[in-house]
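Protein chains: 2
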Amino acid sequence: MSTNYVHGYRSRENRRLQDQADTLLELLHGDTRYPAGSTVLEAGCGVGAQTLALARGSPHARITSIDVSAESIAQARQRVADAGITNVAFREADILALPFEPQSFDHVFVCFVLEHLPAAALVLERLVRVLKPGGSLTVIEGDHGSTLFHPDSAAARASIDCLVQLQRRAGGDALIGRALYPLLARHLEAVRVGPRIVYVDSSRPAWVVGFTNKTFIAMVEGVRDDAVAAGMISAERFDAGVHDLRRTTEADGVFCYTFFKGVGLKRRA
Amino acid sequence: MSTNYVHGYRSRENRRLQDQADTLLELLHGDTRYPAGSTVLEAGCGVGAQTLALARGSPHARITSIDVSAESIAQARQRVADAGITNVAFREADILALPFEPQSFDHVFVCFVLEHLPAAALVLERLVRVLKPGGSLTVIEGDHGSTLFHPDSAAARASIDCLVQLQRRAGGDALIGRALYPLLARHLEAVRVGPRIVYVDSSRPAWVVGFTNKTFIAMVEGVRDDAVAAGMISAERFDAGVHDLRRTTEADGVFCYTFFKGVGLKRRA
Numbered sequence: 001m002s003t004n005y006v007h008g009y010r011s012r013e014n015r016r017l018q019d020q021a022d023t024l025l026e027l028l029h030g031d032t033r034y035p036a037g038s039t040v041l042e043a044g045c046g047v048g049a050q051t052l053a054l055a056r057g058s059p060h061a062r063i064t065s066i067d068v069s070a071e072s073i074a075q076a077r078q079r080v081a082d083a084g085i086t087n088v089a090f091r092e093a094d095i096l097a098l099p100f101e102p103q104s105f106d107h108v109f110v111c112f113v114l115e116h117l118p119a120a121a122l123v124l125e126r127l128v129r130v131l132k133p134g135g136s137l138t139v140i141e142g143d144h145g146s147t148l149f150h151p152d153s154a155a156a157r158a159s160i161d162c163l164v165q166l167q168r169r170a171g172g173d174a175l176i177g178r179a180l181y182p183l184l185a186r187h188l189e190a191v192r193v194g195p196r197i198v199y200v201d202s203s204r205p206a207w208v209v210g211f212t213n214k215t216f217i218a219m220v221e222g223v224r225d226d227a228v229a230a231g232m233i234s235a236e237r238f239d240a241g242v243h244d245l246r247r248t249t250e251a252d253g254v255f256c257y258t259f260f261k262g263v264g265l266k267r268r269a
Numbered sequence: 001m002s003t004n005y006v007h008g009y010r011s012r013e014n015r016r017l018q019d020q021a022d023t024l025l026e027l028l029h030g031d032t033r034y035p036a037g038s039t040v041l042e043a044g045c046g047v048g049a050q051t052l053a054l055a056r057g058s059p060h061a062r063i064t065s066i067d068v069s070a071e072s073i074a075q076a077r078q079r080v081a082d083a084g085i086t087n088v089a090f091r092e093a094d095i096l097a098l099p100f101e102p103q104s105f106d107h108v109f110v111c112f113v114l115e116h117l118p119a120a121a122l123v124l125e126r127l128v129r130v131l132k133p134g135g136s137l138t139v140i141e142g143d144h145g146s147t148l149f150h151p152d153s154a155a156a157r158a159s160i161d162c163l164v165q166l167q168r169r170a171g172g173d174a175l176i177g178r179a180l181y182p183l184l185a186r187h188l189e190a191v192r193v194g195p196r197i198v199y200v201d202s203s204r205p206a207w208v209v210g211f212t213n214k215t216f217i218a219m220v221e222g223v224r225d226d227a228v229a230a231g232m233i234s235a236e237r238f239d240a241g242v243h244d245l246r247r248t249t250e251a252d253g254v255f256c257y258t259f260f261k262g263v264g265l266k267r268r269a
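Here the protein sequences come in this chain order: V and L.
Take our numbering: the final residue in the first sequence is number 269, and no numbers are missing along the way.
Take our numbering: the final residue in the second sequence is number 269, and no numbers are missing along the way.
Think of the hints as simulated: they come from the structure by calculation, not from any bench.
A portion of the hints provided could be inaccurate.
Claimed, not checked - Here are some of the chain L residues that sit facing chain V, going by a computed Cβ distance under 8 Å:
no.	residue
1	Val-47
2	Ile-85
3	Phe-149
4	Gly-172
5	Leu-175
As the list claims (entries may be wrong) - Label-pair ranges, simulated between beta-carbon atoms:
no.	chain 1	residue 1	chain 2	residue 2	range
6	L	Ala-119	V	Gly-84	34 to 44 Å
7	V	Arg-33	L	Ala-83	37 to 47 Å
8	L	Arg-267	V	Arg-12	39 to 49 Å
9	L	Glu-26	V	Glu-189	42 to 52 Å
10	V	His-243	L	Ala-119	45 to 55 Å
11	L	Arg-237	V	Arg-168	44 to 54 Å
12	V	His-243	L	His-243	37 to 47 Å
13	L	Arg-237	V	Arg-12	50 to 60 Å
14	L	Arg-237	V	Arg-237	24 to 34 Å
15	L	His-243	V	Asp-31	35 to 45 Å
16	V	Ser-234	L	Ala-89	51 to 61 Å
17	V	Arg-56	L	Ala-89	34 to 44 Å
18	L	Ala-83	V	Arg-56	47 to 57 Å
19	V	Thr-215	L	His-243	32 to 42 Å
Ideal placement from N, C-alpha and C gives every residue a C-beta, glycine not left out.
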């Protein structure tokens, strides 16, 4: 009985988390739909988390997903195969040395990639090169500076700031979301950027677990040792920050994070 | 010719600003609709900026709008009369000493009021008292900590923080938006809170002028002398912050602000 109950509980819990993940994917990708037969480049697919949503949203588009890591590509390929998806081809490739002719793709899609790269503007230029005139480029990125929570906490903000600083030292930009418009407008026309805000309070328990706890706080916790080793913060202060972030997952807590999604078109000649 | 041109230009500009204001009102109030014949209390109507949207959205509801300032009430009454709106009755009254019997209203509406009051929780309790069981309470508030912009600027953030500090000294809470859920959940059931984000880049010129410049930056500039006099910041630093905020209204700039809207129902006995 006890085992059955626990199993049952876990199933419900997993189902809730899956529902949350699906809702987040819908929030980010729900309005990305590519026509049947069109060719789409997904640049920087990682282990395929977004690839699944992309392929399901455009089941008759022909998607090419690249990543610089052979290991990630292998995982993404397995994930897509397990899901029974057949319209994605994978290829190991460097986003700065794309193995494609100019104007090879009808559309290009990049999600959670530019924030980690030292040369976001250059990457965009390269991606635009392989895009056909009139084709669309879609970019989705986060912005850690958008984080907002109740109760507010200076320690929690300091812990999050470690993530921002470490990403900057690695050449990335954890605040890139807010800068998508100028980045895209430099290379594309008809650019439209919109925020996608994840708002979590205790009336949305699946989001409390799936987003605040298992996505955001887990990400912050993941840099603890690096941040302390780099002398950015004391272990005590960092841990106090994580404690205060967990505090926002209680019944009276609130947590918000804003993603930014931008779409632009390649100029015709 | 010149005069005509200037006049024409001003008309277009005014029209754009009005369009922007209408769009903001739609973003905030578009989903607030009260049934014909229902009684609605608008608590803290000020000069009637939200009253117009409220009354237009629910033309057959009977709205009572109160404010503690006779002068504001006079302005609001004129504004509503000028707009040809006939379903609003005004009354001078203190939100903490409501001149109404318990359970007098079908619905209660509060917008941009709690952030200025020292006792938001107590005010909510009083408002719930005059609400009928099963009736709804709607609250809309800003959150100055949600401000996000590109290019980022520590000086701009410092200037905005003066607003937060001054509001706190006056007993208010400029970060109240994120705390709406626990505030409402203490007194109401079926509480739902959602963010309403204003995202502005140069592809939305009416918002650049109407929201970033004439609403937000104007509000920050309005506290310059008080902030400097209070020793919170030097005049130079404050002015640098405002300069950097204006920088976000240029072609490559971005500005975001998040409002929060919450609705809950009064428990039935």
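Can you let me know if the beta-carbon spacing of His-243(V) and His-243(L) is within 37 to 47 Å?
This hint holds: roughly 38 Å between Cβ atoms.
Does the Cβ distance between His-243(L) and Asp-31(V) fall inside 35 to 45 Å?
Since His-243(L) and Asp-31(V) have Cβ atoms about 37 Å apart, the given range 35 to 45 Å holds.
Let's test the interface hint: is any C-beta of chain V closer than 8 Å to that of Leu-175(L)?
6 Å, holds
Range agreement (Cβ of Gly-84(V) with Cβ of Ala-119(L), hint 34 to 44 Å):
Violated, since Ala-119(L) and Gly-84(V) (Cβ atoms, about 58 Å apart) do not stay within the stated range.
Return the status of the interface hint for Val-47(L): holds when the least beta-carbon distance to chain V is below 8 Å, violated otherwise.
At 29 Å from the nearest chain V Cβ, Val-47(L) fails the 8 Å test, so the hint is violated.
Range hint 37 to 47 Å: satisfied by the CB atoms of Arg-33(V) and Ala-83(L)?
42 Å, holds
Is 45 to 55 Å a correct range for the gap between the Cβ atoms of His-243(V) and Ala-119(L)?
Between His-243(V) and Ala-119(L), where Cβ atoms are some 29 Å apart, the hint is violated.
Outcome of range test on Cβ distance (Ser-234(V), Ala-89(L); 51 to 61 Å):
59 Å, holds
CB-CB spacing for Arg-12(V) and Arg-237(L) relative to the 50 to 60 Å hint
53 Å, holds
Does the interface hint hold: is Phe-149(L) within less than 8 Å of chain V, judged Cβ to Cβ?
7 Å, holds
Mind checking the hinted window 47 to 57 Å against the Cβ distance between Ala-83(L) and Arg-56(V)?
48 Å, holds
Pairwise beta carbon distance, Thr-215(V) to His-243(L), judged against the given window 32 to 42 Å
Given a distance of about 37 Å, which is inside 32 to 42 Å, the answer is holds.
Of the numbered hints given earlier, the model fails hints 1, 2, 4, 6, 8, 9, 10, 11, 17; all others are met.
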